[in-house]
Amino acid sequence: MMTSLPSSPAPSNITRVAEAVNGVPICIYHSSRSRMPHRMWPTEHKHIGMTGVPAIPRKDRTMRRMLPLVLLLCAQAAPAEDWLYLTYPGDTPLKIGRDYLNKPSDWDKVLKLNKVKNEYVLPVHTRIRIPVELLKVTPAPVTVSHVEGNVRVKPDGGTFRPLAVGDKLTGGETVLTGPRSFAGFVLADGSKLTQQASSKLSFGRLAAYGKTGMVATELDLENGRIEAGASKQIGPAGGFKVRTPVAVAGLRGTAFRLNVSDDGKVLRNEVLEGIVGIDAQDREVQVKAAEGTVTEQGKAPEAPRPLLPAPSAQGIPTHLVALPLNFAWPGMPDAKGWRAQVAADPGFQKILLDSEGSQPSAQWEAAPPDGHYFLRIRAVDTAGLEGLNTDLAFDLDARPLPPQALAPKADERSYQEQVTFSWAAAPEAQGYVLQIAPNGDFAPGQTVERRLEAVLSATEKLAPGQYEWRLASLDESGQAHGWGAARGVRVQPLPNPPKADTRTENGQAEFAWSAAGAAASYDVEIARRADFASLEGKLHVTETKAAASLKPGRYHWRIRALEADGQAGPWSRPAALVMPPEAPGDIRVNVSIGVLSITWQGNAPAYRLEFARDANFEVPLFNHREEVTHTRLATPEPGQYWVRVIALSETGSRGGQSKPVSFTIDRWQ
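All residue numbers for the sequence shown refer to full-length UniProt numbering, where the first residue is 1 and numbers rise by one.
A few of these clues could be false.
[What the hints assert, rightly or not] No farther apart than 25 Å at their CA atoms in a straight line, the calculated lysine to any residue pairs in the SDA-like style are these: (1) 192 x 393; (2) 136 x 218; (3) 200 x 162; (4) 232 x 162; (5) 200 x 413; (6) 538 x 593; (7) 265 x 237.
[What the hints assert, rightly or not] Restraint ranges, calculated between C-beta atoms of paired labels, are given here: (8) 446 x 493: 32 to 40 Å; (9) 537 x 493: 48 to 56 Å; (10) 567 x 264: 37 to 45 Å; (11) 328 x 154: 19 to 27 Å; (12) 391 x 455: 37 to 45 Å; (13) 530 x 508: 47 to 55 Å; (14) 493 x 622: 33 to 41 Å.
It is worth saying that the hints were derived from the structure and are not from the lab. Backbone N, C-alpha and C define an ideal beta-carbon position, used for all residues, glycine too.
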């Protein structure tokens, strides 16, 4: 005896409703335990009506003759673990056994379960109950569709190795993604899964039940994030389950995200389409589309809450010609953070870049090659749940990249009107564009632009003033791509070295000079040698004069002017400076038996003694030179005399002189 069964499983607590489709009575079953209806027949069978039951053609006399039998068996319920097969013309028990059963010989068990007496003929449009344990079970390998960055896989019992696109995972594998690394997978039923950066994901049971369309997928997410678009799951054996240290997520035909904290103590789930069941601590919550929930270790899942809406894409560029990649978008009052991603495909299976921050913006220094890409942004709420997505396509056309500017350096001064700009060669560049504009305004009519071949420098004559300059590379067609960062340069003549003079007095050297242009201060350097390798003195003054105490000897000195911002002009030519010896002291005169003896104290290279009849030396008598601090002379004729000692430098220039000292010659000796 064969049973005509409904399209949904009918385990227990079943309600029977009699309806008519095209005038033919049918039975519809609904299980109060089933939160979601399941389609229980292979998708290749086409005889399905809008209500989920067979659409019986009005002229099908065979089916009409079976209606009493169908109505009679409406009261029978299918066990929860039975798969329902809808027969069609040409089906035989042997054929179905070969196609769907693990052991074709188990067809007799199916016949007994369905009370079928005819072993050779099966009525069409009839549902046959087949226990799941009798169905064929084959591996349902997962295909690696995308790998970005450092992604490694370890087979069960093996060691880690790099994961590669095209790899097949059959169950028991563990996949690790490093920072800024991603992996994409396609499951046997067409579901798509993306493993995000810094995540650990293990693949458990991956099984397909022959031609039934049922696929069982079990994953373990230890930490990190996954995002999936799961195909509609076919029961009763098919399903998509993700275990975490906190809770178990059961999925049916849905788009969702799961995020396990690094310590494995918090699970966050966001649902974009469909429903996800989160089960923890003997409590399950159903999270619907546009909702999310948080589950902490040892606690039941929190009540679902609405996700933040998709952010506005206003102001986001769709054609980028420069690097780094920069995106900014309007903020949102309830957002505490933001996530942005760049992918090579609109489904975001091939994620290339990921960014998380507190501001509604994202920037990536490293960028993929030029091409067509997709940007995805979403807000993050105070619970850490990520909201609905906004996706935007954009084109990247930044190559060849601008060359690296070398000189002048940023905000450098040029003291010549001829300014040479130089740069490093840029890969793939066929030429360059140099732009120079006053005050950084690159407006037409004010900008000097030079389109150059593959040279690495150019010289321009510029009037004094402040400028900004920038570079771009040319491609093979002569098209300029993105500009490099602008640099400042100031063209300004140096202040002329001031004209200066010196004088010395009492061991002090006094310097004076004329003011120089816009100079705000001056530097003075003093050295023994003309190369100024070792300084005897360094002065910084704001006036046009300075003084320094120096020991007797020969020196060189120079001066330069400085502007208010500290920019210094050139040094003047070195000038010679001689510091004369100090005046001798302690002059002593002794007259004895025709000899005039004079001694003194001093450290000069030489001395000159001057004699006169008066203290003012208005009428000098004679001079005498000595290189020591004493002398002996013959006594002059009797009378009163005055003597003074003058220090002489190495060059013989006059230094300090002593005070006059008088002495008397009483008689001829």
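Hints, verified against the model:
| no. | hint | result |
| --- | --- | --- |
| 1 | 192 x 393 | 20 Å, holds |
| 2 | 136 x 218 | 18 Å, holds |
| 3 | 200 x 162 | 14 Å, holds |
| 4 | 232 x 162 | 31 Å, violated |
| 5 | 200 x 413 | 55 Å, violated |
| 6 | 538 x 593 | 55 Å, violated |
| 7 | 265 x 237 | 30 Å, violated |
| 8 | 446 x 493: 32 to 40 Å | 22 Å, violated |
| 9 | 537 x 493: 48 to 56 Å | 29 Å, violated |
| 10 | 567 x 264: 37 to 45 Å | 60 Å, violated |
| 11 | 328 x 154: 19 to 27 Å | 40 Å, violated |
| 12 | 391 x 455: 37 to 45 Å | 43 Å, holds |
| 13 | 530 x 508: 47 to 55 Å | 22 Å, violated |
| 14 | 493 x 622: 33 to 41 Å | 58 Å, violated |
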